[in-house]
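K.L.:
Line by line, the protein sequences give chains A and B.
So for the first sequence, the numbering used here puts the first residue at 130; every next one is plus one.
So for the second sequence, the numbering used here puts the first residue at 23; every next one is plus one.
Label pairs and their calculated CB-CB ranges:
1. A:L400 <-> B:P131: 33 to 43 Å
2. B:E94 <-> A:L400: 35 to 45 Å
3. B:P131 <-> A:A327: 30 to 40 Å
4. B:R88 <-> A:L301: 45 to 55 Å
5. B:G151 <-> A:L375: 48 to 58 Å
6. A:G151 <-> B:G89: 39 to 49 Å
Read the hints as simulated data drawn from the structure, not as lab findings.
Heads up, the beta-carbon is just placed ideally off N, CA and C, and yes, glycines get one too.
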Amino acid sequence: MNGIARFLMGDTTADRIVPPTGFTARLTTFTAAAMAFLAVFALALSLASGRLAERWSAALAQTATIRISAPSDQMAAQTAKVMAILKETPGVASAQPLTDAQQKKLLEPWFGPDLPLDALPIPRLVDVRETAQGFDAEGLRNRLAASVPGAVLDDHTRWRKPLVAAADRLRLLGLVAILLIAGATAAMITLAANAALAANGQVIRVLRLIGARDRYIARAFVRRFTLRALAGAAIGTVLGMGAVLLLPAQNEAGGFLTGLGFQGLGWAWPLLIPPLAALVSFLATQAAAFHTLRGLS
Amino acid sequence: MIEFHHVAYNYGGGELLTDISLRLAPGSFHFLTGPSGAGKTTFLKLCYGELHPTAGRVTLEDRDMRGFSRDEVAQMRRRVGVVHQDCQFLDHLPLAENVALPLTATGQPRRDDDLEALLSWVGLKPLSGHLPPSLSGGERQRAALARAVITSPDVILADEPTGNLDWEMSLRLLTLLVELNKMGKTILIATHDLNLIRSAKSQVPARVLRIRDRRLQLAGSDL
Ligand SMILES: Nc1ncnc2c1ncn2[C@@H]1O[C@H](COP(=O)(O)OP(=O)(O)OP(=O)(O)O)[C@@H](O)[C@H]1O
Ligand SMILES: [Mg+2]
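Input sequences plus hints: build the corresponding full structure.
P.N.:
Here it is, written out as structure tokens:
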């Protein structure tokens with residue numbers, strides 16, 4: 130920690146040995162700012178899809194539906210049989226056959242209010258709520274098949290899985306984007322540092338000849354680029370967080386898109402971006418500087 | 023302390039220096055002469071490890087310089103002050119800071135009155151705030167000499183330090199080097215200036231080396 134503090138405070142004479150280079154300085158600051166801005170969004174995307182995956186799996190995991198298809202004269206008997214099986218199944222918290230009115234309401238958006246429900250061979254739905262432990266879906270399915278052939282268990286996993294997988298994939302993409310951004314930042318800062326090192330060949334030669342150590346020479350460059358990256362990334366992060374803040378608030382209709390912001394402690398994550406950018410810049414410049422210095426006597 | 027053992031050097035073409043053996047004893051004063059292109063600058067570069075011999079070895083206190091780590095090379099150069107033929111500076115820093123650079127870059131304390139005294143001795147005090155690119159050739163040479171001696175190094179190697187200077191200023195610089203030699207410093211000056219050599223020999227027991235036919239010889243009355 131002491132070392133870091135000393136590095137950041139620096140000693141002014143060591144800083145002055147490298148001439149101010151307006152162009153690479155602005156380039157580095159701009160690159161760091163732009164990358165930090167993008168990183169904020171990648172992070173927001175990653176966090177939001179993580180939340181989404183969690184919410185979907187939590188909301189869907191606790192419910193299931195049993196669909197009973199039977200001729201209308203047997204419907205009541207089969208429903209009763211299903212209810213009896215459910216009662217004996219561990220992990221089922223409650224089970225409730227939907228009434229005609231409820232079923233009608235479910236179908237209304239598709240078929241309109243005048244649906245003659247009685248005239249159609251509509252299956253009966255039973256709404257099942259699981260306990261926290263959940264039930265053994267495969268066992269229940271087998272038992273239903275044995276005694277009520279017309280009953281089909283739909284535990285939502287079938288359509289839940291791809292949704293959760295998609296959200297997980299999205300989160301992964303966000304993380305990959307952050308890694309790519311870090312890599313691109315390192316590459317661009319390496320290029321800028323190499324340009325600065327090449328432009329200051331005479332400075333480096335003179336310093337070597339009067340007995341300055343590699344570490345001393347490298348530090349002057351590394352410090353400069355690290356501080357620029359830190360400042361640029363701080364600006365980019367603040368702008369990125371501001372932009373995320375200005376996104377429309379989360380609501381049901383917007384779904385995923387409006388949920389893109391940070392929530393609660395999530396706001397702390399982007400604060401890691403500037404120090405990380407500084408670290409990336411430190412390592413990249415250090416490598417570039419020592420590589421150049423090793424080429425000189 | 024610096025010793026050459028059967029040293030040869032070539033830049034990739036023919037051999038430039040052949041079978042050179044020499045000991046720069048502590049406190050000795052040497053001149054190095056020879057026609058232009060004979061290899062004087064090359065010889066000096068071998069002395070401070072910018073070049074390594076293609077045959078034989080150069081040692082500093084019995085250690086082969088070729089085996090030095092990069093930090094050891096830096097350490098060695100703090101003990102060897104060099105005036106280069108093409109005096110290079112940090113062009114963005116004023117003259118005074120350039121002269122003090124060997125102190126600041128190695129973390130040694132810088133005494134401002136010493137710096138001023140040194141700058142006035144080489145006649146650069148009025149120019150101490152000027153940037154190196156605005157200096158004349160002679161002014162650069164004087165600044166380079168001041169920079170080479172500011173850390174009071176054990177060895178001072180000077181490559182044509184008076185090439186662009188008038189006689190009076192040349193004598194002033196020589197006096198500085200002679201005084202340093204009397205304090206025990208080892209001095210080696212590459213020069214064509216016979217008057218300078220004569221003047222030095224009247225003050226200190228200086229030896230004159232000459233590069234001839236790729237070899238090092240003792241020249242003139244020393245032969
Ligand atoms: N880096 C190099 N690569 C190839 N040849 C070189 C190099 N440096 C010097 N030479 C050649 O080596 C020879 C000796 O050069 P050097 O600079 O040592 O001569 P010098 O005695 O110092 O000459 P001067 O009195 O003109 O300064 C010259 O012919 C020069 O062209
Ligand atoms: Mg020369």
